[in-house]
Amino acid sequence: MTATQEAPTTTAVSVTGVGRVFPTRKSSVTALQAVDLTIAPGEFVSLIGPSGCGKSTLLRLIADLDSPTSGTISVFGKTARQARLDHDYGIAFQQAGLLPWRSIADNIALPLEVHKVDRTARKHRVEELLEMVGLTDFAKSYPDQLSGGMQQRVAIARALAESPRLLLMDEPFGALDEITRERMQSELIRITKETGAAVVFVTHSIPEAVFLSDRVVVMSPRPGRIVDIVAAGPEAGGVRDESYRDAAVFSAGISAVRHLLHGGAGQPVGVEDR
Amino acid sequence: MNRGPLPLWATIASPIALGIVLVALWQLWASAADVPDYFLPSPSHIWTQFHENFSLVLKATLHTGWNALRGLLIGTLVGVVGALLGNALRPIRQMAAPIVLAASVIPIAALGPVLNEMFNANFNTSRVIIAAIAVTVPVYINTLRGLAQVKPVHRELMRAYSTKAVTTARTVTLPTAVPYLFTGIRIGSPMAVISALVAEFFGGPLTGLANQVTANASSGRYAAAWAGVLGSIVLGLVFYVFGYALERWFNRHQAA
Chain D
1 MTATQEAPTT TAVSVTGVGR VFPTRKSSVT ALQAVDLTIA PGEFVSLIGP
51 SGCGKSTLLR LIADLDSPTS GTISVFGKTA RQARLDHDYG IAFQQAGLLP
101 WRSIADNIAL PLEVHKVDRT ARKHRVEELL EMVGLTDFAK SYPDQLSGGM
151 QQRVAIARAL AESPRLLLMD EPFGALDEIT RERMQSELIR ITKETGAAVV
201 FVTHSIPEAV FLSDRVVVMS PRPGRIVDIV AAGPEAGGVR DESYRDAAVF
251 SAGISAVRHL LHGGAGQPVG VEDR
Chain S
1001 MNRGPLPLWA TIASPIALGI VLVALWQLWA SAADVPDYFL PSPSHIWTQF
1051 HENFSLVLKA TLHTGWNALR GLLIGTLVGV VGALLGNALR PIRQMAAPIV
1101 LAASVIPIAA LGPVLNEMFN ANFNTSRVII AAIAVTVPVY INTLRGLAQV
1151 KPVHRELMRA YSTKAVTTAR TVTLPTAVPY LFTGIRIGSP MAVISALVAE
1201 FFGGPLTGLA NQVTANASSG RYAAAWAGVL GSIVLGLVFY VFGYALERWF
1251 NRHQAA
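Those protein sequence lines, which keep their order, are chains D and S.
Read in this note's numbering, the first sequence has 7 at position 7, and its numbers run on one by one without any break.
In this note's numbering, each number is its position in the second sequence, counted from 1, plus 1000.
Hint data in this document are derived by calculation from the structure and do not stem from the laboratory.
For the chain S half of the interface with chain D, some residues (derived, Cβ under 8 Å), not all of them: (1) V1153; (2) H1154; (3) E1156; (4) L1157; (5) R1159; (6) A1160; (7) Y1161; (8) T1163; (9) T1167; (10) T1171; (11) P1175; (12) H1253; (13) Q1254.
Every value quoted in this text rests on a predicted model; they were computed, and no experiment measured them.
For every residue, glycine included, the Cβ atom is placed at its ideal position computed from N, Cα and C.
Construct all of the structure, not just a fragment, from the sequences and the given hints.
In structure tokens form, the structure reads like this:
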């Protein structure tokens, strides 16, 4: 599933020659340099690399939470800024970032509420989303009563509230324990299959990237750039479930990404191997 | 050292037990050593006076309490409006900083006579103002701090939603500050009572608790004076518990 340059209408995200330089007091830091990446509708793409490789910066540029110093980014054929103003994407961060004074249902309703969706439609949609993430019984609970994994499910439901065709996720499972993490990965696979949204997923976990993604974008630091892009996923006709974790193609994917990560920096780098 | 929290019954019972023991010792000492009333009346004597003069003590307590309550409300209002302005406009915050610092160290004893001269000494205006000043400072400082506590992740989220500034303020900034506001009110509540009470010593209508204590003490009715002290303790506790309950309520989901 190698999406190449296509007409804008059939592209979810198109990143062309993008660089981001952060000025510092004395010199400057090149967080990203000459990044080209095209993501097709419905495609799941992970960004992986060691700290400082610019993977989060790239996601923030796509979300228009930051602006590139060079190059262009288009989201569904629009500028990144216009896509943000049009609410074209949903976003989730490493911290669930729920509002502690709002109930779970009201937290999920937040984007609908600030975008003036009427009350009945809101209520209906929140019920759907609660069911999708399996938290119907917790609608009236508050964030402090939920575990970290449950809070992250709420954050994902909130990101999906407006049925975006693009989901941006910045290490959403980074703070979760390994067991919860694998369960959340399986849930995310199910949810994205249901919604058909394209996903840009930042992670520092190789197995997580290989398990979830159609393509794994391997990045390296100083300056942040794309080393290579690895196609992943089960063999034709296979499904992305627990059997995929045991399959040879999964191990092969992990090896490929690992070698790129280690080779890309010229020497072994501190990649978390989980 | 810390062996974990005490069970609830012990948390409640232990200070009560200590209080009973202390009052009992006081009573024993007062009756055994025949301590004169002007030095320290016995608890039973104070209680009798409190009981017999209950309507007078209550009236004085309500009078002082009403001053303290008005001061609390005005001080909270001024503190919140000031914090909103200070949060919105950095120059205001910086200009106000030394004034706030000055207000926080003003002795009530210095303000009382001055304000009594400024406003008609027959009214409670100066007492309410003194209580309000005492409340304004902690409310202003805590609310201002609360407004700055918006988490980066919440700010990013609202930017991703491309909401207007007013929507961001209503959905994130103000609710974030509310628990801090009530911390300020909790700190300010007993200070309002103390200030309203102390301000009575500097003139004005002779109907407050401090007036009653002074009048009774100077006419040799020591136990009755102590009954007034008891009334002011109760008043201070009522305000404290009120502020504490509000703070707890508005902080109930802050563990996340």
